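Asks: Chains as they are written, first to last, in my numbering: chain A, 14 to 288; chain B, 2 to 384.
Any given hint might turn out to be false.
[Unchecked claim] Computed footprint of chain A on chain B, listed as stretches where at least three residues anywhere in the stretch have a Cβ under 8 Å from a Cβ of chain A:
1) 32-39
2) 50-57
3) 114-125
4) 225-236
5) 323-335
Everything labelled a hint here was simulated from the structure, so no lab data went into it. Note that the structure is predicted; figures quoted are calculated from it, not measured. Using N, Cα and C, we set each Cβ at its ideal position, and we do this for glycine too.
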Amino acid sequence: MAHPLSNIIRTERLPHEFCPGCAIGQIYHYAAKAVEELNLDLNKVVFLSGIGCNARGVGYVRFDSATTLHGRTLPFATGIKLANPSLTVIVVTGDGDGAGIGGNHLIHAARRNLDITVVLYNNGVYASTGGQMAPTTQYGVYTSTTPYGNLEQPFDLCELMATAGAVYVARWTTAHVRPAIDSIKKGIQKSGFAFIEIMGQCPTYFGRYILKTTDPVKCINWFRENSIRKEMANKMSMEELAGKIIIGEFVDKERPELTERYKELHEKLRKTTYP
Amino acid sequence: MEKGMSSGMHFMLGNHTCVEGAIAAGCRFFAGYPITPASEIAERMARRMPETDGIFIQMEDEIASICAVTGASWAGLKAMTATSGPGFSLMQEGIGFAVATETPCVIINVQRIGPSTGSIFGQQGDVMQARWGTHGNCHEIIALAPSSVQEMFDLTIDAFNLSEKYRVPVILLAEASVGHLRESLIIPEPEQIKIVNRKKPSVPPEKFVLWEAEENDSPPMVAFGDGYRVYYTAHLHTEKGYPVLSLPKYPLAEKVLKRLSSKIKLNINKITKFETRYLDDAKIIVVSYGSSARAALRAVFEARKAGIKAGYLRLITVWPFHDQKIKELCASANTIIVAEVNNGQIVHEIQRSIDDREKVVPLLKLADTHTPGEILTKIEEAT
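Using the sequences provided together with the hints, build the complete structure.
Replies: Here it is, written out as structure tokens:
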């Protein structure tokens, strides 16, 4: 039987190499589903990733694609999109890759408002290297590099992206499949920098060490039980929100997009005559 | 509109002629980050790229710059960046990635003294870094050393041509003393400028094998959006481009990996260029490159006038290093003076190439450039 997404998945490379119950398959499914439902020209879609568990996923999708350098995915995306604005550029990154080593690139890509869509899979740890603390790891949590509990505070990546200038910002979890796919679709359709954070289960590290379970269903249920819609969260106190994941759409606005501005500049200069 | 500059004589800054050489070569994408003594390249690119329908973008750092350049190259544009020592150090990660993914691109390094911040005056200190800066040891690189404003133009074109042909990052090892020099530039007629463009595949997507090529060649390259749906990774990969992550599977990647050096080594005669004077009967040969070659040439002229059998050998191509050719060219010499502005880099390569390493005498200076007098004194000492 042919794989239902064989035009989108490099089925010849299956089976994949992810741990049992890993969220990455789901995240790539959401992104691929968004592309399929939007009826995009599949020859004009580019998928990019960096390094880390998430980065392995990009080798399984049948698009022009690349596993780039750790944290540097957005500069690569910037070069590609500026060089050929007709391409739809989708970046799938992780929390360590996108917000740790690549944090500065993430901020500047949002500031420039280049028309790309970033899907950031947040599993709360550096998983491919063995479950170390990430910039998204909750305060007090035990990981292999926080044996006395995490002394630091985590990033709120959606707040960061909203401040940096992204035109579309949303957060969901792997317990919120349809909203996640719809947000990625919306992000792709938006002219400008779109950021969709998806909290996903890592049964091997986050599950085993933090939730004390390697059962992916229990992990996903933990996300479901600890998620609160933005509209509800607005009515709650800081104490009530401690340890909760606020989900929903945080930004949906318009700002001048970079390749459009460049197009206008090129047109203006083409009309300029030199003495 | 003015796409290229007019042919004929101009009086220009080295860093500016480098930009015009890039445009003549077909460069339509520049990403960079300001740094002295290379900033004039970014400044002129900021004006000239949009004029030529190209893209200029100032990135958040040098790492981002080289990565954006690589991305633009994948999307089909000829692309370059420019920097100096501290930025060149940051770029090593991206240069290694471009080597691994066989991405054509050009990096201009207007070298300055180090270590670290050092200062902003010139040095030839990054010759070894250009060759060995990236980690791992499976690759060759191409690096050229301009010694004049004219060569900042000519060798930038060569850099693009070599990078397109061999699908490798090409580094222009300029120096503050050449980048900041103003002198005459002759721009040839457009039809006299040889341009090389990357090969495109002649087979349809279903028959295209991403990394299939002879050991002395690089494979054809598609652009993102061409419909071939290619996957790039710097993980060791098979000819199909799939990552090889375990040691038992390593043999599947070896052919592609070995080609990263063989495609350069097997073409070393075509790639390397030298400038020579009076080598046939020379007993004392001055080997140099970049800015110091200007002083070396003058010193050799003066020595010849004084009846000394001096010769001049300039490396235009620094990497790959052509041991065999150097050995042949220096065959007649009893003494080989290597003049370079660093603590000794190419001198070791020359010693390695010559049978009797005792013949090789370093003439090292740590900053700026040599004077003809300094080199002439060394020649006289050797007579």
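Asks: The structure should be examined with respect to each hint, and the outcome stated for every one.
Replies: Hints and how they fare:
1. 32-39: As far as the stretch 32-39 of chain B goes, the hint is violated, because 1 residues have Cβ atoms under 8 Å from chain A.
2. 50-57: holds (count 4)
3. 114-125: With 0 residues close enough to chain A, the hint is violated.
4. 225-236: That given contact holds, which follows from 12 residues of the stretch 225-236 of chain B lying within Cβ reach (below 8 Å) of chain A.
5. 323-335: violated (count 0)
Violation of the numbered hints given earlier is confined to hints 1, 3, 5; the remaining hints are satisfied by the structure.
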